[in-house]
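Based on these hints, arrange chain B on the given structure of chain A.
The listed protein sequences correspond, in order, to chains A and B.
Each residue of the first sequence is one higher than the last, beginning at 1 in full-length UniProt numbering.
Each residue of the second sequence is one higher than the last, beginning at 1 in full-length UniProt numbering.
Simulated from the structure, these hints should not be mistaken for lab results.
Note that the Cβ used here is the ideal one computed from N, Cα and C, for glycine as well.
Please note that the accuracy of each hint is not assured.
[Said to hold, decoys possible] The calculated label-pair distances, taken between Cβ atoms and stated as ranges, are:
#: 1; chain 1: A; residue 1: Glu33; chain 2: B; residue 2: Asn203; range: 46 to 56 angstroms
#: 2; chain 1: A; residue 1: Gly319; chain 2: B; residue 2: Gln190; range: 53 to 63 angstroms
#: 3; chain 1: A; residue 1: Ser233; chain 2: B; residue 2: Pro32; range: 50 to 60 angstroms
#: 4; chain 1: B; residue 1: Gly319; chain 2: A; residue 2: Lys210; range: 43 to 53 angstroms
[What the hints assert, rightly or not] Here's a subset of chain A near chain B, in silico, CB distances under 8 angstroms, partners left out:
#: 5; residue: Ile170
#: 6; residue: Gly258
#: 7; residue: Leu271
#: 8; residue: Asp279
#: 9; residue: Asp282
Protein chains: 2
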Amino acid sequence: MEKTSQKQIHLAKRPTGMPDNDTFGFKDAPVPEPKDGEVLVRTLYLSVDPYMRGRMQDTESYVEPFPLNEVIHGGVVGEIVQSNSTDFKRGDTIVGMLGWQEYSAVPAKAVRKIDPDTAPITTALGVLGMPGLTAYFGLLHIGQPQEGETVVVSGAAGAVGSIVGQIAKIKGARVVGIAGSDEKLQYLKQIGFDETINYKTDNVGQALKKACPNGVDVYFDNVGGEISDEVYSLLNKFARVPICGAISSYNKAGEDLGPRVQTKLIKSSALMKGFVVGDYSDRFEEGTRALGTWVKNGSLKYEETIVEGFDNIPEAFLGLFKGSNLGKQLVKVADPLYAKA
Amino acid sequence: MEKTSQKQIHLAKRPTGMPDNDTFGFKDAPVPEPKDGEVLVRTLYLSVDPYMRGRMQDTESYVEPFPLNEVIHGGVVGEIVQSNSTDFKRGDTIVGMLGWQEYSAVPAKAVRKIDPDTAPITTALGVLGMPGLTAYFGLLHIGQPQEGETVVVSGAAGAVGSIVGQIAKIKGARVVGIAGSDEKLQYLKQIGFDETINYKTDNVGQALKKACPNGVDVYFDNVGGEISDEVYSLLNKFARVPICGAISSYNKAGEDLGPRVQTKLIKSSALMKGFVVGDYSDRFEEGTRALGTWVKNGSLKYEETIVEGFDNIPEAFLGLFKGSNLGKQLVKVADPLYAKA
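The shape of chain A in the complex, shown without the other chains (with noise of 0.2 angstroms):
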């Protein structure tokens, strides 16, 4: 054991719009020791992702808030170090929903094994991870796209919506991605989107006209708000709606308000609906077997914005808000002792 005391990071305070620094606590403590049928955890990479900032209210939603002072929980890959199991040893590689800190103890089977020669081992976090099943389930289950139809995806340049517009290219559709920056814009046609909106700079109603000629089939929603309510004005007959995220409302205060959209559904006799990737948890396998399969034949690139040391978690979480992030947002927290990188 190369350590004793470990850093972690707890809730400090729910945040009322913006999380800020008030937001996080961090703390020493003990390096845990593994009880029987545990294993000791050395966080390689961790995970932060726009839901999160739904866990750190308390009120009611499909995953339980965090509590508060208690460490924060995501998604995170390491190495284990110290084995009480028969299923892992050290030096495995593995992925979890782990806490922010340096080291986890938990039972075996919380955490799953990844194999560190078939990809990165980053990737278990984004395209062959929950981003990735995200995007597979949501845009093949929900939207349904067709050969020639035109896929609006936003928030095209993060983490999910960057697999979204390319599994709507490999199955023939027509891309247009919203994103907030211009070189995100640049990145999303070097992946093969067919048009671009900068929302930031562009007139987003009018660019989306001018985009989709022939209307919208299918609508990935990440970001809800207004942009959302400009791309539901175009909806074709029978256009589908997958509701991955409400990135725009996340920090809001007060409610979400805008145009209501029951009158947009009746004349176009389209499909919304809101999916969490674990609704298609019996199916995952089935997922990451054909994520795989794509990022292996090159038909699916992704890309991670990597920041650096466990102190820098709060700012890579508070930069999704911002967009700062291409691809994937993850946080480097070590290099490998024993582990394969």
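Leaving out everything else, chain B in the frame of chain A:
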């Protein structure tokens, strides 16, 4: 031929906000001569429906707007008084989308014969017509109520809502109806609704929570607006929301603003789907058969509010937005001369 001139109602002015008497223009016109292949229909009953408000506006929708200064069209039950088609003979009762006028000359294929011995002829505009089919397909195809689930219906005492609630009961669900008068609530109880809410006198949010202790699995939305906002807050995981109408917004001059639904849909993985009955036109026969069977065996009851006299059509139409009707709102224009009533 008993008359040579007739009354018609034209769209005199496109309403902004609530339509009023200026919206409608009465005109005298000759009774037309049916051409070869046409029939001359004498209007007996005429349907007024909330969706017609949409056609008075000159905006894109799922149906063409009514042209200005031309006869308004809607559902009509009439009798054939003259036939230049081998498909019909004088005295046949028919249903079709015809003008707000006493006589219509139309191609034989524009109307469908109905059998006055199977059910009262007015049912062709109600429980066995578009409102019945709208309830049937919207609830069963989109809502898919399961035994023991909670189904909430807004506009519950209307032509569609009252049928929705009863079909949900037939399928074994618990049904909560929202309507606007105690008389209507009493009617809903009579036809089997488990719980009722008067949106004009009850606190809808509180009343809903009380009436739906296990949340809402299906919300059949006829009204939109603030009533629906309250229901969305109670959606259970995997809830289904058929969006049939948004009568609360039809007469709004400006945009219909309120809480956006995205976050609520994500939290519940709920599905919302707009629809119009025409989406299911290839299955009308199935629907009509099922509805007819339920009416015959007494498990599906229906109510009609009938205003008498051609001159009272505008009043009947305007009454829809004041909630004057219980069940299907019809106007009786004439007693049949040749047909069986």
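Violated constraints from the hint list, given by number and in increasing order
Numbers 3, 5, 9, in rising order.
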